[in-house]
Structures are given as C-alpha cells and as structure tokens.
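*Asks:* Listed here are the chains, written in short residue letters.
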Amino acid sequence: MDHFPTNWGRPRNELYDQYNTFPLHQRPTNHTDTFTDGVQRTQQPIVTGTSVLAIQYKDGVMMAADNLASYGSLARFRDITRLHAVGTSTIVGASGDMSDFQYLQRVLDEIVTDEFTAGDGNSLGPAEVHEFLARRMYARRSKMNPLWNALLVGGIQNGKRFLAFVDLLGTTYSASSLATGYGAHIALPILRQDVDPNPDAITEEAAREILRKCMRVLYYRDARSLDKYQIATVTSAGVSISEAQKLDTNWDFAEKIRGYGSQTQ
Amino acid sequence: MPDGSYERPQQRQFNPYSENGGTILAIAGADFSVIAGDTRQSEGYSIQTRYAPKVFRLTERAVLAVNGFAADGNMFVKKVKQRLEWYRHAHAKDMPLRAIARLIQTMLYAQRFFPYYVYNILGGIEEDGTGAVYSFDPVGSYEREACRAAGAAQSLVQPFLDNQIYFKNQTPAPGASHPTHLPLPDVLSIVIDSFTSATERHIEVGDGLEIYVVLAKGRSTQELASIGGLQELSTRAEGDRMFVIRRDLKKD
Amino acid sequence: MSIMQYNGGSTIAMVGKDCVAIACDLRLGNQALGISSNFEKIFAMTERTYIGLPGLATDVTTLHEQLRYRLNMYTIKEERTMEPETFIHLVSSTLYEKRWGPYFIEPVLAGLQRMPGGSFRPFIASTDLIGCINFAKDFVVAGTASEKLFGVAEGLWEPDLAPEDLFETISQTLLNAVDRDAYSGWGAVVYVITEDKVIKRTLKGRMD
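Protein chains in written order, with my numbering: chain A, 1 to 265; chain B, 1 to 252; chain C, 1 to 208.
Next comes chain A alone, as it looks inside the complex (with noise of 0.2 Å):
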C-alpha cells in the first residue's frame, strides 16, 4: 500500500523504491508540464529601491525615499520616484524591487479610477489602501510569488494620521515612525528619538529636517542610495510630492579616516 496520497493514481513502478524510502515531496513522477519550466516567478529582486522613511508629525505624515533604482550594486537608474500619491489623502513608498512596485502603483490608480467612476462620493483612505495592498501581498506569498517589496502606507483619515508598514510576506504593523530595509536598523532609532515622545510637538519644518537629517546618515553609510531625494506630505490639505532635491554632504572627515583601504598609515 501506498500511503502518500500524492502519489494516487499513478502508474506503479514495483521495482523503484518499494519501502516509500523517498521524502514525500521528492518521489518520482510521471506528470509532465511542458509549461511549467515556462511561468516566471519573482524569487529575487532585481532593479531595487532602498531605504523609505516617515514620520507622524503636527499636521499630518510625511515620508521620504531617494531617487535611486540599483542593478545589484550598479546605480542604474538615478532619477526614479519611488513615492506615489493614491487618491487625495495617501501616500505609498516602496523600497525593494522597482518592477514589482510600478505594478503595484499600475494597480493602484485603477482602483482609485474604479473608485472615482462609481460616484458615490467614496474615496480610498490610508487604512483601505494599506489593507489592499496587504491583502494583495499576502495573497502574492501564499501563492509563492511575492511582490518583492516592503511599503510604507501613510496619509490622513478623518482628520487621524496613518502610517503603516506591509511587506513581501503580508506583514503589516504600524507605528509613528516607521523605515525600511537599512533604513530600520540605521535611520530608525534616529527617528524614535525624535518623534516618539511627541509627534504633536513636530512642526512641517521640524519634520523635514529630522528626514533631512536621516537621508543624510543614510547616505554615508548605506551603499545603495542616492544623495538625491524626495520628500512628499500628506496634511489635510492634501498630497504633495517635492521635487527632487540634493543633500549637502561634508566629506572632510574622510580625510581622517585610517587603517583601510588606501591609507593603512
């Protein structure tokens, strides 16, 4: 008797391992599908996006992502946005891979448009675009073909601010101050200092400097980004997107540095 089921229905090869001697999942086969070698998954990524940061502040959420996709460490791409406004209150930045995320803001402007033709006066906030895209991502890993990002939702609802992480395996938290890839283990204990005690207290400039400020630590330290960046708010006045802008660098240190690379002395 054979007692993987998987294996019902099968022809029967008596002689090949009659003790069920092989794992389960590697037993031998007679099923054939021309197209599965065919069907294209993504199991890496491979144009990416890193870091994504934001804050609660006074008047609402605001979220900053440099302007950089890499082909592994090649700085391929120098001027992709990787913020999005969805609808009028939401913003979505995304780090991981860029192909995947132009997908997902594909899939986003035609839920809004869907939304706008219905004319019921509805719109999409922060919390249904947060809960969409984490249903989206988790129904994606469950079927073992994830949308290989992590995002960060933020916005305005009924006058509360949003902020709320989702990744590419569905999971989901939100806090007042939230990072990305390098940006949560370099850029978020900055953060937290700064913001968690008090996001009320923070003006828009005040804001903007403490995301200035990370950009800029990131910039020295993670090797994947740009010193050109974006820095979009979302108050209930609505969503704006800045252009692009430069950070002011200081390399003097630099001089200082010994003991790797070419000075050993």
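Errors might be hidden in some of the hints.
Covered stretches of chain B (in silico footprint by chain A; criterion: 3 or more residues with CB under 8 Å from a CB of chain A, positions within the stretch not fixed) [what the hints assert, rightly or not]: (1) 34-46; (2) 70-78.
Restraint ranges, calculated between C-beta atoms of paired labels, are given here [to be verified]: (3) B:Gly44 x A:Asp109: 31 to 41 Å; (4) A:Val107 x B:Glu85: 23 to 33 Å; (5) A:Ser236 x C:Asp138: 49 to 59 Å; (6) B:Glu143 x A:Ser73: 26 to 36 Å.
Since the hints were derived computationally from the structure, they do not count as laboratory data. Using N, Cα and C, we set each Cβ at its ideal position, and we do this for glycine too.
Position chains B and C against the provided structure of chain A, taking the given hints into account.
*Replies:* Chains B and C alone, transformed into the frame defined by chain A:
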C-alpha cells in the same frame, strides 16, 4: 566550475514564513478566563513596532490570542471573525466557545499542507458558565486546559505556570488539598509576574501587556475595581462581561 | 543535536541571606534514552565552594579531576584554601586553555567567600564552555533546561531568603523546570551552604 559557471543553476527558494516573537498566555478560572499577550512585534533583532495586538475579542465571551508569524496570525483572526459573523447571520446568536474551538481546528487543519505558522490560544466562557482555555498547534491539534503559555517565552513561562496554577511539585498540608481553580486576583498577579519575568530574560518579549478578562454572567466585578488601566469592552451589563487591562512592560 | 545535549542534565545556583544554594538533577542519558538516575553533577571543591558541571558526561569527570588537581596544587603551594571568587577564575582559565577544542561543560559555582574580617559573603558565578564568567547577584543556571530554569527562577526568586526558604525556592525552581525538559530530571540533589554547615538533600522527582 573552473570557468566560473555553475554546474547547475543556483536556486534560492522564497521562504513564505517569518517569526515575529512575543508571547501569549491564558488561564481559566471557575467562572472567568484570563487571556494575555505582550504587544511587541519583532523580526530578528529589530523591533518592528511596540504596539501590535496579539489578543483579539471574537464574541461577547470569547477571546483569541495568536502568536508566531504575524501575517498568518492576522489573516487567521480575520477569517475566524468572518466565519463567526456568518454564524451570527445564520443563527442569530454568537457561536458557543466549544464550537469556536472546533471551528478553529477545522480551519487550521484545512491548511495542513501549507500551515498557518501560528500558535492559537482561545479563552472565554463556556455555555455552562465555566471559564475555559483551548490551546492549538499550527495544524489544529487542540485540547481544553486550565492554563497554557505559547510563543517565544513558552519555555520560560509554562513551567512557572505548572508550579503556580497546577501546584506541581507542591505537597498540600496533611488533610488539605490544592484548589482546582484560583481566584481572579491571584491569576492576574501570576499573569503579570509571568510577563515581567519573560520580559526580563527574553529579548522578544516586552513593550506592553494586554490582559483580557472574561467574567461569567452574574459574577461580581468587585475584584477588578482596584486594577489600574482597566477598560470594559462588553456592550451589555447583563450577560458575560469582558474587560481589558493595559500595562507597560520594559522596552529594552 | 548539539554535543551539549548529548547526555542531558541541568544545574542551578542561588544566593540567599548569608547562604547560597546549588542544585542539579540526577539524569544521565544517551540522547533520548535514560541511562542512570544517579549521576550527580555537583562536586565539593572546598568546604564552602561547590561546583556544578552540567554538559557532556565524559567531560564532567575529566574537568572535575582537572580542577581538583589544580586546586590541590594551589592548596599545597599557598598553604590555604582557595576562595570561590579565585576558584571561578581557575575554572575560567582552565576552560579557556581549551579554547579551540573545549570541554563541553557550562560550570555553575556557589560558595561562601571569606572576607577580611573573617565573615562570609555569598558568592555565585557561572561560565560558558570556554570560560566567560558571569558574576550574577541573584541566580545562575546551566544545562539542557536552562531556559526553563531562567523562567521559573525569575518568577520565584527574591532577595535575602533564609536557608530553609532558599532551599524551597531552588528545589521548586529545579523540579518544575526539569519536569518540562526531556533531557533533565530523574531526581535531584540540593546543597544549601551556610557559614557553619552544608545541608545536602536528595529530592524525589518525576521519573518520566
């Protein structure tokens, strides 16, 4: 190969699971049930958020705690809640606790070959008015118990509970016997001690503590009067009552 | 399966008021198979210094003999007994000597340290298998049930326990922890060390 090519193409398998730390715990009393969980969500050494609830109100008398892979946990709770809503529409009443337990086992086993990577503990009040705790493994094996800990600090907390709830390794005084159920204040102290202990020695436990208390119909709420951070969740004063106690845990 | 879990076994030490306690289980196993219920892992090194050696059973014997030899050499040369704080450094350096081929033991030590005035101060410490010392003020644990021991001890222990209360605390901690560990148990031994006497008690435990 010597020419730099691979003999076979490299394959990296996508891993659809993760572990998000935290610990949950439930204790049943004679006519009450206590279900608790910390609120830290982490991945590796990173704290993702200091407040992500793991304990959820299902009905007026049932609470579910989920622990393991957070995405699976949240999705599972969502689906259980949906099934309970359908039950309400079909039967015009809440599903009884033992039926919820069986529903959860069925839903978990349905995913036997791609499991929800989640440990569930269901607590609440049974139809006969007794406090109950049901604990599950990720593929649906379950049993009714008096107490259970699960999650990252299960191995720290469960033996403590054996000692303090089941009085394991304790001999009663001659002629006396151990109580089968503890009073509510004792249970709450044990829950709080368990979590402060786990927070002290386990890096994935901490930040906040949410303790749900379900009291059987007609039971006095006297013992909860002096508890700080208490909030009532029940919509009706008659019938079973539900409360949540929110406390801080160390954040380091 | 790690070599640290090959034979099973656990040890714990706790500080009390003017006393210390150290306890171990009695199991010796060959992976999941129980071999002996009479394998003591705690050894008296001096009158007031006891060491627990949970880990690979063959190394328990070897390390114990090695430590006994070095302690005797010290006693002969110095013409005085070694204090526990000194002894833990001897343990540490003995283990670190074998940094790249260690004894698979995580020692736990409890003793009373003689002070300049002639009084005694409770002292406990533990090390990892290559001799990194952990000077704890409350309790130290090691062995296959270490996580469980941490959990229960953190819940039961309190400062300034009198000898009999300390005995109860360490016994309950050990028994309840090893009952949740498949590789530890099968009875226990507890030592309570006070200034004027050492009490050794053998505890019955679950035999499953």
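*Asks:* Now tell me, hint by hint, if it's right for this structure.
*Replies:* Structure-based check of each hint:
Figure legend: the region 34-46 of chain B, annotated as covered by chain A; annotation consistent (3 residues with Cβ-Cβ distances under 8 Å, at least 3 required). Remark: the region 70-78 of chain B is confirmed as covered by chain A, as 4 of its residues place a Cβ nearer than 8 Å to a Cβ of that chain, reaching the required three. Our hint of 31 to 41 Å for glycine 44 of chain B and aspartate 109 of chain A holds, since their Cβ atoms are close to 34 Å apart. In this structure the supplied range 23 to 33 Å holds for valine 107 of chain A paired with glutamate 85 of chain B, their Cβ-Cβ distance being about 28 Å.
Between serine 236 of chain A and aspartate 138 of chain C the beta carbon distance is about 53 Å. The supplied range of 49 to 59 Å therefore holds. Checked against the hint of 26 to 36 Å, the C-beta distance between glutamate 143 of chain B and serine 73 of chain A comes to roughly 53 Å, which is inconsistent with it.
Hint compliance for this structure: hint 6 alone is broken.
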